[in-house]
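Peer 1: One letter stands for each residue in the lines below.
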Amino acid sequence: MTFGNGAGIARGTLIVGAALAGMMTALPAWAQATGELVILQWLGGTEAEMWQKLEADFVAKNPGVTVRELVVTGQGDMRGPMRTALLGGEKVDVIINTWPAFRAELVDAGLLRPIDDFWTSANLDAALDPSWKSLGATDGVTYGVTYTYGDRSAIWYKKAHLEKAGVEPPKTWEEFIASLDNLKAAGFAAPIAMPAKYWAHGEWFETMLLRTGGVEAAAKLATHEIPWTDEVVKTTLKKYAELLKAGCCGTPEQMFAGDWDYAADQIFTADASNYLLMGMWVNSRARNDYKLEEGVDYSIFQFPSMGLGHDDTSSVDAKEVLVTSNGANPAAADAFLAYMTSKEAADIQASYGYASPSKNADTSLLGPVQQVATAAVAQSKVQFVLGDLLPGDLVDEYRVQLQKFLQDPSDATIDAITQAIEAKAQEVY
Amino acid sequence: MQESVANPAAGSRTGISSQPGGERRKLLAIGWRGRDWPAAWLLILPVLVLFSITVIYPLIDTIRLSFFDIKGLGKPKYVGIGNYVKLFTDPAFRNTLATTAIFTLGTTVVSVGLGWFIAMLCAFAPRQTLPFRVMIFAAFGISEAVAGYMWIGILRPDSGGLLNAVIGIFHPGFAQPWLGDPRTALGAIIVTASWGAVGLPLMLCFAAVQAIPKSLFEAAYIDGASHGQVMRNIMMPLSMPGVRVSIFINLLGALRAFDIIFIMTGGGPVRSTETVGYFMYRESMTQFKLGYGAAATVILLVAVLVISIPAIIQRTAGAR
Numbered sequence: 000m001t002f003g004n005g006a007g008i009a010r011g012t013l014i015v016g017a018a019l020a021g022m023m024t025a026l027p028a029w030a031q032a033t034g035e036l037v038i039l040q041w042l043g044g045t046e047a048e049m050w051q052k053l054e055a056d057f058v059a060k061n062p063g064v065t066v067r068e069l070v071v072t073g074q075g076d077m078r079g080p081m082r083t084a085l086l087g088g089e090k091v092d093v094i095i096n097t098w099p100a101f102r103a104e105l106v107d108a109g110l111l112r113p114i115d116d117f118w119t120s121a122n123l124d125a126a127l128d129p130s131w132k133s134l135g136a137t138d139g140v141t142y143g144v145t146y147t148y149g150d151r152s153a154i155w156y157k158k159a160h161l162e163k164a165g166v167e168p169p170k171t172w173e174e175f176i177a178s179l180d181n182l183k184a185a186g187f188a189a190p191i192a193m194p195a196k197y198w199a200h201g202e203w204f205e206t207m208l209l210r211t212g213g214v215e216a217a218a219k220l221a222t223h224e225i226p227w228t229d230e231v232v233k234t235t236l237k238k239y240a241e242l243l244k245a246g247c248c249g250t251p252e253q254m255f256a257g258d259w260d261y262a263a264d265q266i267f268t269a270d271a272s273n274y275l276l277m278g279m280w281v282n283s284r285a286r287n288d289y290k291l292e293e294g295v296d297y298s299i300f301q302f303p304s305m306g307l308g309h310d311d312t313s314s315v316d317a318k319e320v321l322v323t324s325n326g327a328n329p330a331a332a333d334a335f336l337a338y339m340t341s342k343e344a345a346d347i348q349a350s351y352g353y354a355s356p357s358k359n360a361d362t363s364l365l366g367p368v369q370q371v372a373t374a375a376v377a378q379s380k381v382q383f384v385l386g387d388l389l390p391g392d393l394v395d396e397y398r399v400q401l402q403k404f405l406q407d408p409s410d411a412t413i414d415a416i417t418q419a420i421e422a423k424a425q426e427v428y
Numbered sequence: 000m001q002e003s004v005a006n007p008a009a010g011s012r013t014g015i016s017s018q019p020g021g022e023r024r025k026l027l028a029i030g031w032r033g034r035d036w037p038a039a040w041l042l043i044l045p046v047l048v049l050f051s052i053t054v055i056y057p058l059i060d061t062i063r064l065s066f067f068d069i070k071g072l073g074k075p076k077y078v079g080i081g082n083y084v085k086l087f088t089d090p091a092f093r094n095t096l097a098t099t100a101i102f103t104l105g106t107t108v109v110s111v112g113l114g115w116f117i118a119m120l121c122a123f124a125p126r127q128t129l130p131f132r133v134m135i136f137a138a139f140g141i142s143e144a145v146a147g148y149m150w151i152g153i154l155r156p157d158s159g160g161l162l163n164a165v166i167g168i169f170h171p172g173f174a175q176p177w178l179g180d181p182r183t184a185l186g187a188i189i190v191t192a193s194w195g196a197v198g199l200p201l202m203l204c205f206a207a208v209q210a211i212p213k214s215l216f217e218a219a220y221i222d223g224a225s226h227g228q229v230m231r232n233i234m235m236p237l238s239m240p241g242v243r244v245s246i247f248i249n250l251l252g253a254l255r256a257f258d259i260i261f262i263m264t265g266g267g268p269v270r271s272t273e274t275v276g277y278f279m280y281r282e283s284m285t286q287f288k289l290g291y292g293a294a295a296t297v298i299l300l301v302a303v304l305v306i307s308i309p310a311i312i313q314r315t316a317g318a319r
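First to last, the protein sequences are chains G and X.
Going by numbering that gives the first Met the number 0, the first residue of the first sequence is number 0, and it counts up by one from there.
Going by numbering that gives the first Met the number 0, the first residue of the second sequence is number 0, and it counts up by one from there.
Be careful, since some hints might not be right.
For lysine to any residue, the following SDA-like pairs were computed, each having C-alpha atoms within a straight-line distance of at most 20 Å [stated by the list, open to error]: (1) G/LYS158 with G/ASN287; (2) X/LYS76 with X/LYS213; (3) X/LYS70 with X/MET284; (4) X/LYS85 with G/ALA424; (5) G/LYS183 with G/GLU173; (6) X/LYS85 with G/LYS170; (7) G/LYS403 with X/ARG182; (8) G/LYS170 with G/GLU421; (9) X/LYS74 with G/THR373; (10) X/LYS70 with G/ALA424; (11) G/LYS237 with G/ASP264; (12) X/LYS85 with G/LYS358; (13) X/LYS74 with G/ARG112; (14) G/LYS318 with G/GLY306; (15) G/LYS60 with G/GLU48; (16) G/LYS183 with X/PHE173; (17) X/LYS76 with X/ARG231; (18) G/LYS233 with G/ASP407; (19) X/LYS213 with X/ARG231; (20) X/LYS74 with G/ASP407; (21) X/LYS85 with G/GLU421; (22) G/LYS60 with G/GLY246; (23) G/LYS358 with G/ASN122; (24) X/LYS74 with G/LYS237; (25) X/LYS74 with G/TYR428; (26) X/LYS74 with G/ASN122; (27) X/LYS70 with G/GLN425; (28) G/LYS244 with G/PRO226; (29) G/LYS158 with G/VAL295; (30) X/LYS76 with G/ALA415; (31) G/LYS403 with X/ASN94.
Since the hints were made in silico from the structure, they are not lab data.
Predicted model only: the values in this text are computed from it and were never measured.
Let's have the full structure, built from the sequences with the hints guiding it.
Peer 2: Dropping the structure here:
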C-alpha cells in the first residue's frame with residue numbers, strides 16, 4: 000500500500016525527473032549554474048547597497064548559486080586596488096568596470112573571457128541595442144555587458160536659485176553666459192561650482208569638445224589619431240576660456256579647493272553656487288543625502304547648444320560587468336550577465352535612480368530627472384567620457400594641465416598646455 | 000653571555016682579532032664553547048627568517064622591480080637603469096624633490112622648534128604644565144588620516160572653515176582657500192603635519208631637561224643666575240641630545256610623508272604639494288607603473304639611509 004503508493008510516486012518522480020533531465024541537457028550551462036560566484040566589488044554607498052539587492056535577487060532566481068563579493072576599498076581611482084587584488088592572485092568570476100581603458104588592460108593581461116558566443120546563445124541582442132554591444136568591445140571582441148549608463152552632459156541646478164535670478168534653464172551658449180550675470184546679480188558670486196581639486200574640471204572640457212568637434216574628434220583624440228595641439232582642442236579651450244572670463248566660477252584657488260561633492264554641497268546645501276556639470280550619481284546624493292525632491296527642488300538641463308554643428312552630442316558614462324578567463328565558475332558568471340539585462344535587475348536599478356540600457360527596463364519607474372537624462376541620451380550621438388578612455392599616465396597630465404589652464408585661460412596658456420599634453424601623449428602611445 | 004656577544008667589535012678594536020682565531024680564543028676564554036655555535040644559530044634563526052621575509056626580501060624585490068617597465072597588468076620589460084634616468088628627467092619628479100625638501104625641513108623646524116621651546120617653558124613648572132604636555136602629546140597619537148580630515152574642516156575654503164571664520168571676525172567675509180591655493184597649500188600641510196608631530200620633540204626635550212642634574216640648577220641660582228640665563232646656559236645646551244633625536248625622527252617621518260597629503264590635497268593643486276612619497280603612490284598605485292614607482296622608492300630609501308646611517312652611528316657610538 001504504502002509501498003504501492005510509494006512505488007507509484009516513485010514511478011511518477013522518475014518520469015518527471017527524466018523529463019527534467021532531458022530539459023536540463025537541452026539548456027545551456029549558464030542556465031543551470033550552481034556553485035559560488037565571486038564578484039570583484041569596488042562600489043560604495045547606496046550603489047553597493049543596490050548591488051546587494053541585485054545579488055540577492057540573482058541568487059533567488061538561481062538557487063544553486065551563492066554569491067561572494069571580494070570587496071576592494073580605496074579612495075579616488077579604484078583601478079589601483081582592483082589591480083592589486085588581481086595581481087595578488089585573487090580569482091574572481093565577475094568584474095564590475097567603468098573604464099574602457101581598464102578593460103583593454105585586462106584583455107592585454109589575458110584576464111577576460113570574450114562573450115560573443117554567449118551573447119548569441121543568450122540572445123542578448125533582444126535586450127541590448129548593438130551600440131551597447133560595441134561599447135563593451137575591445138578590438139572588435141565583446142567582453143562587457145553594460146548594465147547602467149548616465150548622462151555626463153547634464154547641468155544640475157536648484158530650481159529656487161534660477162527663479163530668484165529670473166533665469167530660465169538656458170538653451171544656447173549665449174543664454175548660458177548671460178545667465179551667469181543674472182545669477183551674480185542675484186547674489187551668487189560663483190554661479191558655476193567648478194570642482195578642480197582632482198578630475199571634475201575635465202567634465203566641462205569633455206562636453207565642450209564634443210560640441211565643438213563632434214564624437215568623431217573626441218574619439219580620435221582618445222586614440223591619439225589627432226594630436227592634442229589640434230585646432231579642435233584649442234577652439235574648445237577658447238570656448239572654455241569664455242566661460243572663465245565671464246566670471247563663472249570664482250578664483251582658481253576656490254576651484255582647486257574642492258572635489259565634486261564639495262561643489263554639490265555649494266549648490267544644494269550652501270546655496271552659494273548654481274550650476275554643476277556632473278554625472279547622474281548626483282541624483283542619488285540629492286535624494287538621499289540632501290533629502291531633496293527630484294524634479295521639484297532640483298533638476299537638470301542638457302548642456303546648451305554652442306552652434307558649432309555638434310549640438311546633438313552628449314558625453315556618457317557606463318558601467319559593465321565583465322567575466323574573467325580564470326574564474327572558477329564561468330557558468331554562473333554567464334548567468335549573472337544574462338540576469339543583469341533582465342527586467343528585475345533594471346527595476347532594482349531604477350529604484351536606486353540608475354538607468355538600465357536594457358530593452359526590458361521600464362523607464363516609467365525612473366524619477367523625473369533621470370527621465371530627462373535618459374531622453375537626452377537617447378536623442379544624442381554619444382561618446383564615452385574622455386577621461387576614462389585615456390591611458391592613466393596621460394589622463395593625469397591632462398588634468399594637471401587643465402588646472403594650469405584654469406589659473407590662466409589665455410591663448411599663450413592654451414598653446415603651452417596643449418603642447419605639454421601632446422608631449423605626454425607622444426610618450427604614452 | 001650578553002657581554003661576550005656585544006664584545007667582538009670591541010675585540011677587533013683592541014687587536015685581539017688581528018691574531019688568527021683571536022676572537023674565537025677570547026670567546027672560549029670567557030666560557031663560549033664551540034659546541035654552543037649551533038644552539039646560537041638556532042636561537043637567532045627565527046629572527047633571521049622573519050627579518051629576511053619582512054625586510055630583506057621586499058627590499059631586494061623593490062630594487063629588482065625598479066629595473067623593469069611594468070604598465071598595469073602587462074608583462075614586465077627589463078629596462079636596466081631606464082627608470083632612474085627617466086625619473087631625473089621627469090619634471091614632475093624633480094618638482095617632488097623640491098617639495099619634499101621644503102616639507103621635510105618645514106615640518107622639522109616647526110615641530111622640533113616648537114616642541115623644544117614648549118619643553119623649555121614646561122621645565123620651569125613640570126607639575127603645573129602636565130595637562131598641557133599630555134594634550135599636546137595626544138595629538139601625536141592621532142592618526143594622520145583623522146588629523147587630515149579634521150584640518151580640512153579647519154581650512155575649508157568658505158567662511159564656514161574655522162580659520163576663515165576666526166579671521167572673518169576681523170575681516171568680515173574673509174574666505175581664503177588655503178588648500179586650493181598653490182601658494183598656501185604646502186604651508187597649510189606643513190602646519191597640519193607639525194601640529195601632529197610637535198608632541199614627540201616636546202617629550203624628548205622635556206625628558207632631556209629633566210635628566211640634567213638638579214645640582215647644576217641650584218649652583219646657577221645660588222650664583223645669582225636668572226631664569227633666562229639658566230635656560231640659555233644650562234637647559235639649552237644640555238637638552239641638545241633630545242633635540243638631535245627629535246630632528247632625526249622628524250626628518251625620517253617627513254621624508255616618507257604620504258597620508259596627510261593624500262587626505263588633504265591629493266598632491267595638488269597643480270602638483271604643488273606632491274612629495275616623493277605621494278609621487279611613489281601615484282605612479283605605483285594610480286598609474287600602476289610599478290617599476291617606475293619602485294625606482295622612486297629606491298631613491299627615497301637612499302635619502303632615508305643618507306640621513307639615518309650617520310645618525311645611527313652617532314647615536315650608537317657610546318655602545319662601542
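Peer 1: Go through the numbered hints given earlier and state which of them the structure violates, listing their numbers in rising order.
Peer 2: 2, 6, 8, 9, 11, 12, 14, 17, 20, 22, 24, 26, 28 and 30
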